[in-house]
Every structure is written in C-alpha cells, then in structure tokens.
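Q: Each chain is listed here by its residues.
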Amino acid sequence: MKRWLPILIGLVGSPIIAFANDWGMGASNAKIPPPTIFTPVSTPANEIDTVAYFTITVCAAIFVIVAGLVVYSIIRFREPPGDDGREPAQVYGSNPIEFAWTTVPILIVFVLILTTARTIYSVQAAPRPPDSILVHVIGHQWWWEFRYPELGVVTANELHVPLSDRAHPTPTFLDLESADVAHSFWVPRLAGKTDVIPNRKNTMWIDPHQPGIYLGQCAEYCGTEHALMLLRVVVEPRPDFDRWIAAQKQRAVADASVDHGRQIFETTACVNCHVVQGTAAEGRFGPDLTHLMARETIGAGAAMNTPDNLKTWVHDPSTIKPGALMPAMNLSQKDLDDLVAYLVTLH
Amino acid sequence: MAGSIEQRIPLGAEGAVSLPLLDRIHQWVVTVDHKRLGLMYIAGGLVFFIVAGLQAMTIRLQLAIPNAGIVPPDMFNRLMTMHGTTMVFLVGMPILTGFFNYLVPLMIGARDLAFPRLNAFGFWLWLFGALLLYFSYIGGNGLYGAGSAPDVGWFAYAPLTERAFSRGNSTDYWILSIFLTSVGSTATALNLITTTFTMRCEGMTLRKMPVLVWMSLVVSFMILIVLPPLSAAQVMLLLDRFVGAHFFDTQAGGSAVLWQHFFWIFGHPEVYILVIPAFGFASEIIPVFSRKVIFGYEVMVAATVAIGFISMSVWAHHMFAVGMTPAGNAFFATSTMLVGVPTGIKIFNWIGTMWGGKIRFKVPMLFSVAFLLQFLIAGLTGIMLAVAPFDWQLTDTYFVVAHFHYVLVGAIIFMIFAAVYYWFPKATGKMLNEHLGKWHFWLFFIGFHLTFDTMHFAGLHGMPRRIYTYQPGRGLDTLNLIETFGALVQAAAVLCLFVNVVRSLRSGEEAGNDPWDAWTLEWATTSPPPAYNFVEQPVVRSRRPLWDLKHPDDPDSKYE
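Chains A and B are the protein sequences, given in the same order. Per the numbering used here, residue 1 is the first one in the first sequence, and the count goes up by one each step. Per the numbering used here, residue 1001 is the first one in the second sequence, and the count goes up by one each step.
Same shape as in the complex, but just chain B:
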C-alpha cells in the first residue's frame, strides 16, 4: 500500500497535506520520529490532564460544603485514587517525557534518539498501561459488588491493598498499569542517556550542553535507579494477591511498613523526576526573556546533580508518624532539609539571571516568574514538613495536600504551560495568541492561589486528607468553599488554553524559525522541523550557538 501512496501523491509539500485521513493516522501510528512521538506523549498527557482535572472538579464540588452528597464515599475514594495516579503517571510523566523526546535531539543537533524503535515501543507501552488503568472502570468487578476503579489511594498503603480488604480486580489493574508505564519510562531513560552521550553534534562537549539536556540526563539516571524498587514492590504485591505470598500481608506476619519504604524510595525521588524537567524549562525560558545568559551554568548543573543524589536519601520523611526511632526521624529530617540547599541555589541563580536583564513579559515568562515564587513557597513549606515534630501535626492533612500541589501545579504545571507557549511555535509553525495566553495565565494564577493557599489553613485547622466529607461546626466550611471556587477559576483558565491551541492551529500567526530571538539549536531549523531535523550536522562552539551567530563580534565562546 505504501508504494501505491507514493504513486498517487505527487512529491512536495502540497501533496503531503492532501494525504487521506487514514493514511495520515497510519503515519502517526507507525512513526519512530522522536518529534512525532514527543507530540503524541504531550497530547496524550493533556487528554489525561482533562480527565484528571474533571475528577478534581468533582472532588472539589463534593467538598464545597459539609456533609454534601454529590458522590457517595466509595466513588469519592476512586476519584481521588484515579486523580492522583493519573496526574503522576499519565500526565506528569508523559508530558515531561514528551518534551525531552522532542527537544533533546534538536538541542544537541542530532537527527533522532539513539533507538527510535525503542522510543516508539516505550510510547505504546505507556499508552497501553494508561488504557489498562481506565479499563478498570469496566473490568474491575472481580466479584459482584466489589471494585470498579482502584480506591486504595495513589500510594496504596498495605494492607488495604491485600485480598482481604481489596476484593475484586481493581487493585490488580492499578498494579499492572503502573508496572507497564514504568517499563516504558525505563526504556525512554535508557534512550535519552545513550543519545546524550553518543549523538551530540561536533563541538558540543558535556559542558556546552543546554541546561535542559543536563536535566534530562539527571532525570533519566534517577528513573533507572528508583523505578526498580517500585516495580519490585508491585510484583511482591501481585504475589501476595495471587499466590498467597505474605510480603505485606499483616494477618500472616507481613509488614505494612515495608510497603511504605518501597513506595517512598520511589515516590520521593519521583517528585524530583517531575520537577527537574520544570527546572530545565525555566533554565531555557528565563534567560531568553531576560535577554541574559544563564547565571552560574556549572553551579546550576552541579546543584541538580546534588538534588538527584540527596533526593534518594530522604524518602522516610513521608513516614515520620509510623513510629520510627528518634535517631531515624532525626536522620531523615536532616537529609530532607539538606536538599533545600541546592534547591535554594537554583532559585538564586534564576534571580541572578534576571538581575540586570531586560525582561520581556511574554506568556512563557509570566508562567516562569509565577513558578519562581510558587516554588519558593513550596520549598519553604517543605522545610516545615521536614521538621519531624511539626510533621507529626501536618502529615496526612490538607497542609500536605497544599504543599505538594504547590510543587506539582504551582511549579510543574506552571512550567509545562510555559513550555507549551514557548515551544508550540517550533512544533507547529504557529504562534499561540498572546492575549488569550494572558487570560489563561491570570485566571490560572488567581484560581491556583484561591484553591491551594487556603488548603494550608484547612490542614492547620485539623482537616485530614482523603476524607470524602467533613462535619459542620469544625471551622472548615468557608475555607473549603473558597477552594472549590478557585478550582472552577482554574478550569476556566485551562479552557482558555485549549481554545487558544485550537484557534492557533486553524488560523494562528506564522511563527518563523526563531520567534523569541533565542539561542539554542532547535531555533536554528525550520518550524516545524523536517523529519531529519537539520540538513547538515551543526557545529557549535559555545552553550548558545545562535548567540554566537547573532553576535559574531562578542561570542560566548570567548567567555566559557
């Protein structure tokens, strides 16, 4: 059939556009092009972002007033489990993987990733895993009246996940789906590491790579180290459930705390796996819109590597209340606070980059500045949670919910939006509308603060997380109503983004190759880039090859 298409379609750009729909879909399905796979990851992630967002809206409506009856308790528990699992594994991971997929080869002047087929394999595994999780809504009923979607919480504490307490198959769907997406992530990590080490263009030493490529390297190594404990725990849990092993089965002498260790050895570094890409976006966007080179490149990279290492020794700060020894609590409090030092260094360096610049407040920069302030607050509430005795009060309350949404939304989602506005012109050749973008930003910013700032206070007022309702008369009514209102404002903001994307794809302003006057290699090729990325392999002499081209009198290579 492929041959007949070539005979029917004349060569050239116009011929490519008029391809029949089925053939175009076929091209996307069989593609091994890193750009197409990257876009498919991002698009898939955005679809699940809508799904998880609707789940969050339902949760917020149920909690808007005390004793509300919008959803029954078991459905609420499924919603909060699916919201958490979806946001981490089906939104955060694929979108960030997608950006790395798209950008790393372009930024290092390569034509594709080292293993294009492995890349496609990883994507389809992720998609299959994602669909498997959602198929649980249909297939979770192993026994009559048991199950539907998983309802054990996204960290699925044992022994609630054992057969005795979780009948039916919903937990099995949860286990297998996460296991599959983990295999996909591992494949991508291997691919990115190999690509970065072997396929950089001439002149691009490790110390001349863009910061974002360094971030992808650190994240990929972290994935290789921390996903195996999660997968191992999933296999153990599966053995518990199907062949009567007793790893976490407390009724037969298993350990509930063991699961918590396994999960958080993965779970805490996972937060950094998600936020380090956001650091990467900020380190590309803030310099371009401040018109200045990144301040302290080596320190930025070293700080990220330090975060990568330290973040693997902090996991038990999720477990200060499980009754560890005082020495154990003191150790994990110490390591957790230490991670604040390199994180602080990064914030200071971004400020150093803006200092003395000429800041242009385009939409990507607005999101980046909000990211700086919100990530600062997230870090400081993180220090509060690291103070183990304070954590005995705060853990498992809405204060924690507020804290990690400050990281996951205030830092990561804000930077994902920044990255979408920044690289959309490269990927599509069309600009996103600046006016609608500003509506998106301000609505999202206001909604975010209405929702998540108030959650801190609900936690201090004694509201535990994961409760489907709360009683009147406990001082929680007003706070929760404000949170729900803020959630609706955020939903309106996300609607602006989708309107913007659709309008721009139909009739957006042409972007040209380099709309932001930027400096890294992806802006040297056309928008969208051709399948082979670059006609000739580029040669670079500094971290900002396009700066060197634009300022031949004063190139970076003189200073690095």
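Okay, chain A solo, but in the shape it has when bound:
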C-alpha cells in the first residue's frame, strides 16, 4: 500500500497541477462573453439564430406530441396486476391512419425546406459591396494567418475588423485557404463555420454590429494541437480600426538598448520561420512578429502574451502547447532573457 500511495497521489494530483497553470487564459476568457450561438451580433449569425429558433420550436412541438403518445400508451396500456392473461384485440393496421401520419410530416418538411433554402441563399449568395474589408485567412497547423491584401497588413490569431453600422454596413469578407490540412474557421457569435481546405478557396463574411472581443477556434480536426488552435476577433469602431491598421503598417521598432537580443533573433533559427519587417527575418512558416506585442495572446490563444510566458514559449513551446511545430530553442538563460527583452519591444 505504501509503495502505491505516491503513484495514487500523482495520478489524482497531476490533472489538478496542470489545471493550476492555464497561462493566464482563464482570467482573460472570463472577461469575454462565452461564444454561444444564441447571442449573435452579426447578420449571418442573426439569420441562423432566427431559423434555429423556428426549427427548434417545430421540433419541440413534434417531440411533445409524439413523446406524449409514447408516455400515454405505456401508462394506459400496461398489463394490470392480476390480469386474466387473455390476449388483447389484434389490430393489423389501418390505411387511413398510415396516410395521415405520412402526409402531416411531409407538410412539415415542406415548410422547413422553404425556410432553409431562403436562409441558405441570403447568407451564401450575398454580393461583396465595394467598401467592404477583404481578409485572406490562411489556416496553418495550429495557428491562423490574417492578411489584408488591400491594406498591406499581415497579422496572426487575432483578427481586427471594423464595426459595421446597420445603416451603412461595412462587412468584412474572408477568403479562406489552408497551408497544410483541413481546418474550419468558426466564431459562433459572428457566423456559422466555413471549412478552410487546402487547394480550395472558400469565402464567408461578417458584419459585427457591436464592438468587443469574440472567441472562436478551429472546428475541423487538424492534428495534435487542434484543441489549441484558437482565435479572437477584435471588433472596433472605424477610427480605432484605422489607427490599428496604420500602426500595423509601421516597420518594427528598432531599440538600441536591446541590440543583443535582436542579434540573437537574427542569427538563430528564428528567422527561418518568422518575419520582423525591417530585419533579416523573412521566414514564412510561422506568425509575423513585427507587431507581436500588439497581440494579447501567443501560441494561437494558448497563453497570455506576457514576458514570462514568452520566455517559457521560446525556451520550449511544448511546455505550453505540446506538439506545436516550433522547436525548443534551448538558449542560455542570458540569451533567452535578452531575446525576450527584444521581443517585448515589438509593439
């Protein structure tokens, strides 16, 4: 027994220890309303919400009637105690009844089909207005790349879009492509999901009516870290959005006090995968880091973007996100401190 005790404590304790460190995400998520599909703030999600309530109402009515019949028959027709054992009257069927319970469902289905088709066309066939924002969304194993081709901005994991006025809508259209396997782009409060499939271009659109942060995540199984391929959409009034765009277009800040960190960045494997505008780093496999500190999270929403978390991440990403494709950099403590000191200047 004594020999098993530590193992037992370890088994029970390990999940609790893991729970203790959520890299600050629990507190951050708690400030954002949960991503339920029944609190829509954008036209596609609103339309789905309407058709969903209609369908649920119809189905609930059917359930009450049919389940009522089942419950009634099992109560009413149970064999009474002390029954004489004689068989009940045998009824072989009835054509008029069969006809009735075939026709009524067909009528219900007919109504549902018309409602469905109308919503499909109004969401899918909406034309792209000229003053809309265009974003290329590129799914990667396990992060999101966002490119604004008309505005010259590249960012990752936190999509910024302007607030859309109901009177003068400025929707954002998303062109979805994948760099590797199939993913699915899903932000429940803004729209239904659309798959992000390699060798194929899909399109969807959103027009958020309410500023705020909206949680979403990859919804198609895409390998080891599917669960931590999270994303956030930041909806802000147009002036704020324009300011954000202007800031993102700047080259990286060059701060002489962190030159040693920059040298480490430019002379190690970092540059193979990451971009920092205005430096030697022009890699394409990982997220653009030019304005890393403008983002709240790192690792596609796996951890809050704090210096401590950055150190843990750069030292070995699998501590935070096991299976992440970025290798452990294994720098000395001094180099790690200097590198992260450089990274936190990238506003």
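Calculated from the structure, these hints are not laboratory results. Take the hints with a grain of salt, since some may be wrong.
Straight-line Cα separation of at most 25 angstroms, SDA-like style, residue types lysine to any residue; simulated pairs [as the list claims (entries may be wrong)]:
hint: 1; chain 1: B; residue 1: Lys1550; chain 2: A; residue 2: Glu87
hint: 2; chain 1: B; residue 1: Lys1550; chain 2: B; residue 2: Gly1429
hint: 3; chain 1: B; residue 1: Lys1558; chain 2: A; residue 2: Tyr92
hint: 4; chain 1: B; residue 1: Lys1358; chain 2: A; residue 2: Gln90
hint: 5; chain 1: A; residue 1: Lys201; chain 2: B; residue 2: Arg1163
hint: 6; chain 1: A; residue 1: Lys311; chain 2: B; residue 2: Asn1067
hint: 7; chain 1: B; residue 1: Lys1430; chain 2: A; residue 2: Gly85
hint: 8; chain 1: B; residue 1: Lys1438; chain 2: A; residue 2: Tyr72
hint: 9; chain 1: B; residue 1: Lys1362; chain 2: A; residue 2: Tyr92
hint: 10; chain 1: B; residue 1: Lys1208; chain 2: A; residue 2: Thr102
hint: 11; chain 1: B; residue 1: Lys1438; chain 2: A; residue 2: Lys31
hint: 12; chain 1: B; residue 1: Lys1208; chain 2: A; residue 2: Phe99
hint: 13; chain 1: B; residue 1: Lys1362; chain 2: A; residue 2: Glu150
hint: 14; chain 1: B; residue 1: Lys1362; chain 2: A; residue 2: Phe99
hint: 15; chain 1: A; residue 1: Lys31; chain 2: B; residue 2: Ala1064
hint: 16; chain 1: B; residue 1: Lys1358; chain 2: A; residue 2: Arg76
hint: 17; chain 1: A; residue 1: Lys311; chain 2: B; residue 2: Lys1558
hint: 18; chain 1: A; residue 1: Lys31; chain 2: B; residue 2: Leu1481
hint: 19; chain 1: B; residue 1: Lys1362; chain 2: A; residue 2: Gly68
hint: 20; chain 1: B; residue 1: Lys1362; chain 2: A; residue 2: Ala67
hint: 21; chain 1: A; residue 1: Lys201; chain 2: A; residue 2: Glu150
hint: 22; chain 1: A; residue 1: Lys311; chain 2: A; residue 2: Gly26
Far from chain A, some chain B residues (derived; all Cβ distances over 10 angstroms) [stated by the list, open to error]:
hint: 23; residue: Trp1028
hint: 24; residue: Ala1114
hint: 25; residue: Leu1131
hint: 26; residue: Glu1202
Label-pair ranges, simulated between beta-carbon atoms [to be verified]:
hint: 27; chain 1: A; residue 1: Ala179; chain 2: B; residue 2: His1026; range: 53 to 59 angstroms
hint: 28; chain 1: B; residue 1: Ala1245; chain 2: A; residue 2: Ala179; range: 30 to 36 angstroms
hint: 29; chain 1: A; residue 1: Thr103; chain 2: B; residue 2: Pro1528; range: 44 to 50 angstroms
hint: 30; chain 1: B; residue 1: Phe1221; chain 2: A; residue 2: Val104; range: 28 to 34 angstroms
hint: 31; chain 1: A; residue 1: Ala179; chain 2: B; residue 2: Ala1232; range: 24 to 30 angstroms
hint: 32; chain 1: B; residue 1: Pro1528; chain 2: A; residue 2: Arg118; range: 33 to 39 angstroms
hint: 33; chain 1: A; residue 1: Thr203; chain 2: B; residue 2: Val1305; range: 50 to 56 angstroms
hint: 34; chain 1: A; residue 1: Pro88; chain 2: B; residue 2: His1026; range: 48 to 54 angstroms
hint: 35; chain 1: B; residue 1: Val1235; chain 2: A; residue 2: Tyr72; range: 28 to 34 angstroms
hint: 36; chain 1: B; residue 1: Leu1061; chain 2: A; residue 2: His260; range: 44 to 50 angstroms
hint: 37; chain 1: B; residue 1: Val1305; chain 2: A; residue 2: Pro169; range: 46 to 52 angstroms
hint: 38; chain 1: A; residue 1: Asp165; chain 2: B; residue 2: Ala1164; range: 55 to 61 angstroms
Please read all numbers here as calculations on a predicted model, not as lab measurements. For glycine and all other residues, C-beta sits at the position ideal for the given N, C-alpha and C.
Put chain B on the given structure of chain A with help from the hints.
A: Only chain B this time, still in chain A's reference frame:
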C-alpha cells in the same frame, strides 16, 4: 484425431459436456454453424465494446475539468480515433451481423445460411482485421517518434492522412483493417441475401417473413452498394501513401473534398446499416411484450426500403461547411429532411403496436421504450442538423457528438441490450436475471442522459468536437463534469450486464423453449437449438406461426 474423440466419448448429451477444453475450442474454431459464428461475432463485439468503453472513459476523464493533463494530446487523438473506429467497425457491425447470423436461418425455418463456409471466412476476416487495427499500437511506429495507433479521426479527412502529415504506418493499419472487415461484411451480406431468397421454409412468402428478416435484407443490399466506395477510397489512399498517386494529396493538386464525398457516401448509409437492425429488434420485441401483432407490417417494410434508398442520397449533409453551392446545400438539406418521413412512420407504427395492448415491462421492453423516446430525440436533432444554415453553427461541435451518440447509443446500443436480454434464453437455455437487468437498465438510462443531454448544450456553447482540452472561463466546466459523471454511471450499468451474463451462465434459471410466449419460428425449437435447428422443416401459414399454433380458433392467416 476426430475419429479418436468419437471413440473416447460416448454419444449423448453428457458425453458432449465432458469434452476436453482443447477439443471444445477446436470445435468453435472449425465451426461453420451459423449459431456458433453468430455467437462468436456477438462475443467478439462485446469484448471490443469493453475496449472502446474504456477508451471513452479515459476521454471523459481527460475532459472532466479544463486543462486536465491525464493524457497528452497525441494520445487523446489516438483514443478518440480508436474509440470511433472500434465502435463502428468492431462493435456495431459484428454484433448486428452476429444477430442476423444467429436469427435469420431460425426465423425462416432453415438449417443454416446458404454458404456456411463463406460465413466462417467472413468471421475470421473480421477478426483478423480487428486484430490488425489493434496491432498498430505495437507496429505503427514506421519512423522513430511517428505513429503508434491511428490518430487521424475515424473519418480520416485528407490530407491529414497523407504521408506528409501522417508519418509512420498507423494510417496504413487503419486503412487495411477497415478494408478487411469490409470484405467480411460483404461476404455476410451476400450470404444473407441468398439465404433469404432461397431457403425460406414452406409457406413463408416474402410477405410472411418476420420484420427482422426484412431488415436484414435491406441492410445487406445497402452493404453491397455502399461498402465499395469506401474500399475504393481506401485503395486510393493506399496508392497515395505508397506509390505517390495524388488523389487526395492537395500539395500535388489532389482534392481533399473528394475524400469527404467518398467517405460519406459510405458513412451516412452506414448509420442506417447500424440502426435498421435495431429497428428489426424493436419490431420483434415491442409486439411480443405488448401482446399485439405489429401495426402496419407492409408500411413498416416499405418505410425501411424507402429509408434505404433515401439514405444513399443524403451524404453531403456532413459537408454543409465545405463551401458547396447554395443549390447543393439546398438539395442535401431537402433529401435529409425527407428521410425523416419514413423514419417518423416507423415510430408511429411502434406506438400503434403498443396502443390497446397489454404491455409487460420486462427488461427487453424497458430498453425498447427508452429506444423509442431516444430515437425520437435523435431524429429531431437530425432535422435541426439538416437545416443547412443551422448546421453551419452545429457541425463539428458537441451538438453533433450528442446527436450521433443518441443514435448509436440511445437507439442502437439500447436495442442491442434489449436483444441480448430477449434472445439470451434462446441461445443459452438460461434466463438473465430480471432484477439485475433492471439495475442495468435504470443505471444506463440515467447515465446516458446525464452524459449526452448535456453534450447538446456544450455544442451550443461553442465547444468543438475532438479537442483534447478546453480553457477555463468559457462556460464549459460544469457541463463537462456532468458528462463525465454520467459516463461513470454508464460504466457501472455495463458491469451489471456482465455480472448478469456470468451468473446466469453458471446458475441461471432454466428458460425453456419459449419463455416470452412469442410468435416467431426460433421459439419453436429447443433452447439452445440443436445444430440442425429443426428436426423437420416447419410449414407456416402466417407471419406469426406460433400464434396460429397457440390460437387455432383465431389464426393470423385469416387476416393477412
């Protein structure tokens, strides 16, 4: 050696019992008897049911709290892939095949299936395929650090299965194992069709067959039509992986969506292949325990045939989010909702059967009534998923997980349990304990609803399926904890079943030939039936030959 056994063992029942263990095992290995093969299918399926159940328990423990660290992500992905693959191909298919194997010849008054050796061949192929899948745990490491068991999900979407993303051999084991079990299923389907068309006893026209035999016929035809696309896709994937073909290899211009079409052309009818046998069990059990003939026999059969046809034109409702045209989405939404019409007809007819009866709530009937209610809910959430725009929100979330577990557990597993309690006395000659059976039922019923009802809400709250963990602060903590608790209750219920089976085999109450006062031919022979089933070939005049015998004054044949 066989000759020497006969010399050593005196003829007669007592001699058969005292056969040495090795000889008894030998008899089971070389058997071509449809009853023994049927029982071996069911027993094999139940063993894998335990395995897949333990995998599900581990999955639920990992998801009980946010950010849990019970299993690492790659192991979780293997668990969920193996759980799905096992439940469909190594639990659902063999158990249902096993029941058809056992019951169809007995119900049509035949002595065996048309091709007994083909039947044995199909079983051993299935078993070999099953072992091959599990051998991947040892042999999957093609490269150091790559693989172990398959981790690509049970529908294995391309291009995650291509060499570039799935190194090692785990995906190859998955492909080959499913390919083999498919060949076994095809052999059984051919066998059942031939048997049903050529070996019915005198007087049993197609319109006098028990509903269950009709269900087996429909399922067998569906297997012949929908398994080839799956096998073809598996061969293509194998070619991609080994000789550099580019069917699904998107990096070389292949199509990821093509795999999805191939898979779901098989995958959706597969759900009906699994649930139609459950319809068959319900159509035998509900009448017997309501003491009434099945209501609307012809309509029931016609509705199943209609389901069979329509179910083959609904597959792309799994793909509403892949970016099909609006017209494509509208078409598949329509066909999917239409399948609800014949399904509804079946539910109404079962209610019609209970209506005006004298319902006896033995364990098989308890499971059947729960099946009715749960299948109703599964059908209604299915209608919700068929509304394509609603599906854009629901697909690939826990709402879908809840929906298909309502079908696969709430309908199919519930009816498999009902069938086990109902036909166990026939197969073994012993009754299962009614008291323990009720514990099994109520625990499983409560556990099922705790787990799967809450999953609907997790999906509506934005929880995608197949995630190994979720972060705190997203409103998912309580729901997931309840789900895990429910899973433990279900595990306790299944334990009751196994205790019940073991106790009953050792010291169960004798069943006699016809413990339920039933009406189909299998209850006319002894329990367990002799190798030749019937001493003389039976002659029937109606769908309920034993009713005719028990009520010579008012036989069914007067009304049909």
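Q: Tell me the hint numbers this structure goes against, listed in increasing order.
A: 11, 13, 14, 17, 28, 32, 33, 35, 38
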